[in-house]
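S.K.: Starting from the known structure of chain L, fit chain E with the ligand onto it as the hints suggest.
So the sequences go chain by chain: L and E.
The numbering used here applies: residue 4 is where the first sequence begins, and numbers increase by one.
The numbering used here applies: residue 2 is where the second sequence begins, and numbers increase by one.
Because the hints were derived from the structure by calculation, they are not lab data.
Everything numeric in this text was worked out from a predicted model, so none of it was measured.
The C-beta atom is built at its ideal place from N, Cα and C for all residues, glycine as well.
Treat each hint with caution, since some may be false.
Claimed, not checked - The list that follows gives simulated cross-link-like pairs (lysine-lysine, DSS-like), each with its CA atoms no further than 30 Å apart: (1) L:Lys102 <-> E:Lys229; (2) L:Lys155 <-> E:Lys75; (3) L:Lys5 <-> L:Lys200; (4) L:Lys234 <-> E:Lys280; (5) L:Lys35 <-> E:Lys280; (6) L:Lys109 <-> E:Lys90; (7) L:Lys199 <-> L:Lys102; (8) L:Lys109 <-> L:Lys199; (9) L:Lys217 <-> E:Lys34; (10) E:Lys34 <-> E:Lys90; (11) L:Lys102 <-> L:Lys217; (12) L:Lys53 <-> L:Lys200; (13) L:Lys155 <-> E:Lys182; (14) L:Lys102 <-> L:Lys5; (15) L:Lys109 <-> E:Lys182; (16) L:Lys102 <-> E:Lys280; (17) E:Lys229 <-> L:Lys233; (18) L:Lys5 <-> E:Lys182.
Said to hold, decoys possible - A partial selection of chain L residues facing chain E, derived with a Cβ cut-off under 10 Å: (19) Arg85; (20) Asp125; (21) Ala135; (22) Val151; (23) Thr157; (24) Leu181.
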Amino acid sequence: MKVLVGIKRVVDFNIRVRAKTDGSGADIASVKMSINPFDENAVEEAVRLKEAGVATEIVVVTTGAANAQDVLRHALALGADRAILVDTAEPLNSLATAKVLREIVKREAPQLILMGKQAIDDDAAEIGQMLAAFLNIGQGTFASSLKVNDGKITVVREIDGGQETVELNLPAVVTADLRLNEPRYLKLPNLMMAKKKPLETIALADLDVAATSKVTTINVAEPAARAPGKKLNNVQELIDVLRTHAKVV
Amino acid sequence: MSILIIAELVIAELVTEEKSIKAATRSAITAAKAIGAEIDVLVIGEDVNAVAQQATNIQGVTRVLVADNSVYAKPLAENFAPLVHSIAKNYSHIIVAATSFGKNLLPRVAALLDVDMVSEVTRIIDASTYVRPLYAGGLNATVQNNEIIKLLTIRPTAFDATQDANQAAPIATIAAVTDDKHLSRFVSEHIRHNERPQLSTARVVISGGRSLGSAEKFQEVLTPLANKLNAAIGATRAAVDAGFAPNDSQVGQTGTVVAPDIYIAIGVSGAAQHIAGIKDSRMIVAINHDPDAPIFQWADYGLVADLFETTAAITAAL
Ligand SMILES: Cc1cc2nc3c(=O)[nH]c(=O)nc-3n(C[C@H](O)[C@H](O)[C@H](O)COP(=O)(O)OP(=O)(O)OC[C@H]3O[C@@H](n4cnc5c(N)ncnc54)[C@H](O)[C@@H]3O)c2cc1C
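In isolation and in its complexed conformation, chain E is listed as follows:
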């Protein structure tokens, strides 16, 4: 048995464009350790030697494979999938975190290998048995994967990130294999870089709903509290659709899944699709003026009150 982890890279430093291994990839490594086998980490990109070096230090990594080529400058699945496919037969498992990167890429690899796969794994029972959510987390399915090569995406919030250790795994270079038909071309990207902690990894998340009323109010009410708690700001789909918050701040079944130490839901009704993204938070705090709001069924601490007055009061007090 031998496991391949596909690493996801992020820009760690804006000015120098220095890259680093995304925390979600470290969660995938933790999931791989639960299976128990040699772990190779595949780093794909352009000018990725430094980041490959970083990967060698992650505890438990056996080997780092590097595919460094200008065609990999942007993570197009049409280019990445043939590369992963070219080395897949060496592995019993191929794992990537269930981020937008991993979810875009791995099913394409699965079809090239003609195997079914398992997405959004939240628990590893053994090498071929895993738990994954169904129906927005309303149910858990235990699934058995008898494919020769087992492809999984793992939900990063369900596995701690593996830290670095005093080790330096060997690096091997692998040849680029790409989409020779040029099926797709990267045009542009808009990534929000802000000073705030990232939604997916923040220790504290504050989310607002439609009841904030406007984009201005959303900022005005939530930002000062978020600053005091060094929190990321999330939103419900209703708030995003109303234009109060950017798309990527949506938390839930179809947005980001979070599992912070503390999740503070402000004027959020608690629809099942929103709960799907927060229910693994260590603690949930809810402020809502409707005592019957479903969010209170999930909250460890709930206050029935007006959100504007309450948020202002706690911001002033903290």
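Bound-form chain L, shown alone:
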């Protein structure tokens, strides 16, 4: 079974991002970038499926400029076999990204498509569902566990108030929750090996997908700061605060 994993290069989760002074976007010019954490879970799951003999080949794909190669190498070092960079200078919205992935799915014909449930930059959580709709296949979003069995996949989904289990026909799209697994540490020799693995670049234009979107960002700003708080001196003061504000009499 071939597995395709969609990944994204995002600002590292430890970085506090500021707005550009002109409000035109987030200022990410010189900050540390990493693979989106949820996408790392998706890659890890694919590698585990391969180790278990369920997956035969893992292809990772991202969109972006040449510098997005670093997250593809990261995924290759984790254990993916091949990488595809869909080269675009323009950042893509969800719909365009889902269309890019649709085109890659047409070329690669994977049985399972994995990706993170959301990217930690825009927190949109849209692409997996859009891709599943474009391909008219099932979707297992927010997955905390999965099991492939006889042309089907069983997915445990994290939902409000609990979990839901669904069974999907393959091919299917599954989006990873952080609880899906604990990604392995990268070892240096694996990073070296990853440099030798194939990485193909495809121009966005060759996929016939437009980068434009009718949803545009007109301003990005930092939210108003919370008013400074008060440090209490002892437990009694805390009790008084809670008596005044929290006690439901």
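M.R.: Same frame as chain L, now just chain E with the ligand:
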């Protein structure tokens, strides 16, 4: 202009399995009112006539559409999306709350309509301009949506729930449209039903972190205080990952977003991903023994102290 709200149903009464409209759907109706147009509420499910009746009473609802069919017994996006798609062209906006239900469903509808959408809207500026958070709430983006049909998920904590009024909007039945390829099948669900207020709607939320040390301590320390304050119990991701609290109690960027009147953070460091889920709380109270813990930058009231002693003392005093 005309707005379609997709209603989310919850089991209101366990024994009878009586359903009701989720509070988050009422928040979506409030967001729709900020746009200002006729509001249709779509109720999808099996045996949903009573709950559709309830929806007719919500203030400002123009019409209630009902798709009642056994295939809709469980909210599979593969079944719900084609139905929403089948009536979408009648609307300028389609709105659903950004719950796990709404987030699973609406992007699938967006692709069927070939439109981009806007997720987790926290403010409506006008019919096509909205504010939504980026970077775990570290930034706010103002976005313009020029699609012919505008699809939004709205963050329920950012909009009050619309209450009932003395009104009864007309009900119309619509034909079922479903996934004829049977792409997905519901297997089972585990929903926690407890006596405690729901995390997403509680007036008071008490959250514990990894520092509670064990599942037993987590319960032992937090539950008595939560009982006294009629509070919901939340947790950090670190506490959930350590197995101290169930997954759905996680508060933050990747868990539930809460905005209670009072949020009490007990042994929580205040990582950006946790703050993302609490910063719209009306009041934040923090107990942490590290004076430099980032949570204090967000707390209206902070006490530098041992959490075990402090929580025991306040529980005894209240
Ligand atoms: C992609 C991503 C998404 C994430 N999403 C979320 C999310 O949704 N929600 C979330 O919560 N986290 C999330 N995290 C994790 C987050 O970054 C932090 O790791 C986590 O919130 C820390 O939890 P904690 O405060 O329990 O633990 P720690 O950071 O270990 O803090 C423990 C705190 O307890 C205090 N303490 C210890 N003992 C005592 C004592 N006896 N008395 C008083 N205080 C004491 C310490 O001073 C410390 O401040 C996410 C991380 C990533 C990478």
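S.K.: For each hint, tell me whether it holds in the structure or not.
M.R.: Hints versus structure:
1. Taking the CA atoms of L:Lys102 and E:Lys229, the gap is about 52 Å. The hint is violated against a cut of 30 Å.
2. At most 30 Å may separate the alpha-carbon atoms for a hinted pair to count; L:Lys155 and E:Lys75 meet this at roughly 19 Å.
3. For the hint pairing L:Lys5 with L:Lys200, the CA-to-CA distance comes to about 17 Å; that is within 30 Å, so the pair holds.
4. With a C-alpha separation of about 18 Å, the suggested pair L:Lys234 and E:Lys280 falls inside the 30 Å cut-off, and the hint holds.
5. For the hint linking L:Lys35 to E:Lys280, the alpha-carbon distance of about 25 Å falls within 30 Å, and the restraint holds.
6. Under the criterion of a C-alpha separation no larger than 30 Å, the hint pairing L:Lys109 with E:Lys90 is consistent with the structure, at around 29 Å.
7. Between L:Lys199 and L:Lys102 the CA atoms are separated by roughly 29 Å; this keeps the pair inside 30 Å, and the hint holds.
8. Restraint check for L:Lys109 and L:Lys199: satisfied, since their Cα atoms lie roughly 26 Å apart, inside the 30 Å limit.
9. For the proposed pair L:Lys217 and E:Lys34, the alpha carbon gap of about 23 Å is at most 30 Å, so the pair holds.
10. Among the hinted pairs, E:Lys34 with E:Lys90 is consistent with the structure: their alpha-carbon atoms are about 20 Å apart, no more than 30 Å.
11. Taken as a hint, the L:Lys102 and L:Lys217 pair is honoured in the structure, with Cα atoms around 15 Å apart against an allowance of 30 Å.
12. For the proposed pair L:Lys53 and L:Lys200, the alpha carbon gap of about 16 Å is at most 30 Å, so the pair holds.
13. Pair hint L:Lys155 plus E:Lys182 holds up; C-alpha atoms about 14 Å apart against a cutoff of 30 Å.
14. The suggested pairing of L:Lys102 with L:Lys5 holds, with an alpha-carbon distance near 20 Å, which does not exceed 30 Å.
15. Simply put, L:Lys109 and E:Lys182 have alpha-carbon atoms about 19 Å apart, close enough for the 30 Å limit, and the pair holds.
16. With a C-alpha separation of about 35 Å, the suggested pairing of L:Lys102 with E:Lys280 is violated against the 30 Å cut-off.
17. Annotation: proposed proximity of E:Lys229 to L:Lys233 holds, straight-line Cα distance about 24 Å (limit 30 Å).
18. Pair hint L:Lys5 plus E:Lys182 holds up; C-alpha atoms about 22 Å apart against a cutoff of 30 Å.
19. The beta carbon of L:Arg85 is not positioned within 10 Å of any beta carbon in chain E (closest approach about 26 Å), and the interface hint is therefore violated.
20. With its C-beta approaching chain E no nearer than about 6 Å, L:Asp125 sits inside the 10 Å limit, and its interface hint holds.
21. Checking L:Ala135 against chain E by beta carbon gives a least distance of about 7 Å; that is within 10 Å, so the hint holds.
22. Restraint check, L:Val151 versus chain E: the minimum CB separation of about 15 Å is more than 10 Å; hint violated.
23. Checking L:Thr157 against chain E: minimum C-beta separation of about 7 Å stays under 10 Å; hint holds.
24. Hint status for L:Leu181: holds, given a least beta-carbon distance of 6 Å to chain E, under 10 Å.
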